[in-house]
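Following the hints, put chain B in place on chain D, whose structure we already have.
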Amino acid sequence: MMVQRKNRFTALLNIVYYAVILILILYTLFPIVWSIGGSLRADDAEIFKYVSSLSWHTLVPEHFSLRSYYSLFVENSFYRPMLNSAIVAVITVFLGFVVNGLAGFAFAKFKFKGRDILFTIYLFSFMIPFEMIAVPLYKTVGALGILETRSALILPMVANGMIVFLYRQFFQDIPDSLIESAVIDGAGTLRIFFQLLVPLSKPVIISASLMMFIQQWDAFLWPLVAATNSSLKVIQVAISEFNGEFTIQWGTIFAATTVAIAIPVAILLPLQKYYIQGISSTGLKE
Amino acid sequence: MNISVRTTKPGSRHLHFEPFLLLLPSLVLIGLFKVYPILYSVWGSFFIRGAGGVSKFAGFKNFSMLIQDPTFLNSIWITFKFNLITIPTQVILGFALAMMLNRNTRFVRISRTLLYIPVAINMVVASTIWNMMLNPSAGPANAILGKLGIPPQPFLTSSAQALWIIIIICCWKGISYWMLFLLAGLQNISPSIYEAGRIDGTGFFSQLFYLTIPMLKNSLVFVIVSDTMINLFMFVPVYMLTGGGPEGSTDTLMYEAYRAAFKFSNYNRSYAIVTFLLFVTFIIISLQFYLLRDKDEAALKKSSRKRSIP
Numbered sequence: 091m092m093v094q095r096k097n098r099f100t101a102l103l104n105i106v107y108y109a110v111i112l113i114l115i116l117y118t119l120f121p122i123v124w125s126i127g128g129s130l131r132a133d134d135a136e137i138f139k140y141v142s143s144l145s146w147h148t149l150v151p152e153h154f155s156l157r158s159y160y161s162l163f164v165e166n167s168f169y170r171p172m173l174n175s176a177i178v179a180v181i182t183v184f185l186g187f188v189v190n191g192l193a194g195f196a197f198a199k200f201k202f203k204g205r206d207i208l209f210t211i212y213l214f215s216f217m218i219p220f221e222m223i224a225v226p227l228y229k230t231v232g233a234l235g236i237l238e239t240r241s242a243l244i245l246p247m248v249a250n251g252m253i254v255f256l257y258r259q260f261f262q263d264i265p266d267s268l269i270e271s272a273v274i275d276g277a278g279t280l281r282i283f284f285q286l287l288v289p290l291s292k293p294v295i296i297s298a299s300l301m302m303f304i305q306q307w308d309a310f311l312w313p314l315v316a317a318t319n320s321s322l323k324v325i326q327v328a329i330s331e332f333n334g335e336f337t338i339q340w341g342t343i344f345a346a347t348t349v350a351i352a353i354p355v356a357i358l359l360p361l362q363k364y365y366i367q368g369i370s371s372t373g374l375k376e
Numbered sequence: 033m034n035i036s037v038r039t040t041k042p043g044s045r046h047l048h049f050e051p052f053l054l055l056l057p058s059l060v061l062i063g064l065f066k067v068y069p070i071l072y073s074v075w076g077s078f079f080i081r082g083a084g085g086v087s088k089f090a091g092f093k094n095f096s097m098l099i100q101d102p103t104f105l106n107s108i109w110i111t112f113k114f115n116l117i118t119i120p121t122q123v124i125l126g127f128a129l130a131m132m133l134n135r136n137t138r139f140v141r142i143s144r145t146l147l148y149i150p151v152a153i154n155m156v157v158a159s160t161i162w163n164m165m166l167n168p169s170a171g172p173a174n175a176i177l178g179k180l181g182i183p184p185q186p187f188l189t190s191s192a193q194a195l196w197i198i199i200i201i202c203c204w205k206g207i208s209y210w211m212l213f214l215l216a217g218l219q220n221i222s223p224s225i226y227e228a229g230r231i232d233g234t235g236f237f238s239q240l241f242y243l244t245i246p247m248l249k250n251s252l253v254f255v256i257v258s259d260t261m262i263n264l265f266m267f268v269p270v271y272m273l274t275g276g277g278p279e280g281s282t283d284t285l286m287y288e289a290y291r292a293a294f295k296f297s298n299y300n301r302s303y304a305i306v307t308f309l310l311f312v313t314f315i316i317i318s319l320q321f322y323l324l325r326d327k328d329e330a331a332l333k334k335s336s337r338k339r340s341i342p
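Here the protein sequences line up with chains D and B, keeping their order. Under our numbering, think of the first position of the first sequence as 91, with each following residue one higher. Under our numbering, think of the first position of the second sequence as 33, with each following residue one higher.
Bound-form chain D, shown alone (with noise of 0.2 Å):
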């Protein structure tokens, strides 16, 4: 009798279990396949026929068409914002990887006055959210003359006390008698870093310029108050123009946020496990 509750309850539990998992799964993508969905579909008269009768055609285009994306390229000119995030993005992943792995290095093989407490003002540095700052940083920026640039959309994105925290833990695990080997064979302190560090250093350097990447790529709240001008507008300031802007088709806005979903996926999904394992180690090293 008890054996056979038991059982009961236990398959009870794993009806449950698999419903739970699936019902999240269905809330997740659902937005995401009906959203890819209709950016493939001819006009948006598809979009809404499925809608008001629902169907496996709500998420999958009766009549599979590019047009979404021809309007988006073409009569929208879209590639100019991801272009311009594009730009940003990189030049701040080069910028940050040589600003923040030689802080990184700093903390991990020096010992030197007040590094705890400059080390502590790193970590506060990153945990204060970006949005926080967005208003004072604006007059800062202003006062530097260098509003309206792109310059204003990368130098206070370069230095970012997470990447030097990953740094820093990374190069802790190098044993110092590497280091000091080549500090007997002559070597200066930047060649170290770039010569002796750096190749050991791929796994953490992959992580880091992916979070500067997509922090980059995502940027929006910055973009929007300080580059205004049309030629500097970033993707995600361009997405959220096209949101509620009734001229322009749902098939368009479509194709936008899919763009904009797969260049991060893309980059991400052949490198998911530096990326995880950066942005997890941040979280569990304290």
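Hints are computed from structural coordinates only; laboratory data are not their basis. Predicted model only: the values in this text are computed from it and were never measured. A hint or two may mislead.
What the hints assert, rightly or not - Dumping the calculated SDA-like pairs for lysine to any residue here, alpha-carbon to alpha-carbon at most 25 Å:
#	chain 1	residue 1	chain 2	residue 2
1	D	K229	B	M261
2	D	K363	D	A198
3	D	K201	B	L59
4	B	K113	B	I316
5	D	K96	D	Y107
6	B	K179	D	E152
7	B	K93	B	K295
8	B	K179	D	I111
9	B	K249	B	G233
10	D	K363	B	R144
11	B	K295	D	L322
12	B	K93	B	W75
13	D	K201	B	F321
14	D	K229	B	L59
15	D	K363	B	Q219
16	D	K229	B	V67
17	D	K229	B	V74
18	D	K229	B	Y72
19	D	K203	D	E270
20	D	K229	B	F95
21	B	K295	D	P219
22	D	K96	B	S238
23	B	K179	D	W146
24	D	K203	B	P57
25	D	K229	B	S87
What the hints assert, rightly or not - A few chain D residues that face chain B, going by a derived Cβ cut-off under 7 Å, partial list only:
#	residue
26	I115
27	T118
28	A196
29	F202
30	P226
31	D308
32	I351
Cβ coordinates follow ideal geometry from the N, Cα and C atoms, glycine included.
For chain B alone, kept in the frame of chain D given last:
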């Protein structure tokens, strides 16, 4: 030159660049673009722009004005309500999901990959897609509710529903995002600990409260604090979907700070709101450091290098 510099090991004393030179670029950038703006906003919150655009020192005038301002008080209430619902929902569901997905079956592996997808979608894109999902007449949300026998809802145009909709959108992304961290934490717990518990006949709940949660403390504190930081400053969905409305029902503090600065050019009011948020942030971060302090580590710190094992 080398007076204040002591290197880790005697042998590496020959490293002839000062560590400060290595730190210089990041120090300048963090100082200029992180520390200075924070100090600037605290400073600026004590000034009021008078006639002719000249700022005058005004003491706590901005703050006393804020406290009497029903818009600000409403924003505090909205931000509080939003956080009070969003944070526990995200953390508890993210944790439950992480526990459910902490297995190694094919079903779980596929589910995990699918549930990670929103992590790659930022709030601007998420808000845009959900805005169309929730379009009262043309979106599929009402069509699906209709199939379940529920009459069409106004969603974002209703002051009773708008904040809930924003919460649902934030959870859509948030649950999987925090699940990622908690799952990484769970996978770090050695299965042998559970086996020992099983031999002692520990039930599910005592296992949860006496083994899993204490072992996961660091990840949980990190997740709760980071989640609070993000939600305390929630801006994008409010900006994109409601503009604070209807009737101020989604007017979060961060949106109010944005509006004060960039819509009404009332920077001092904006600085005062930001300073208030900074104060709250400071309390939360201090609480995190306090909760994460390791009693053994405090003793160890004196004798050896500061480095804890998770």
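Of the numbered hints stated earlier in the document, which are not met by this structure? none
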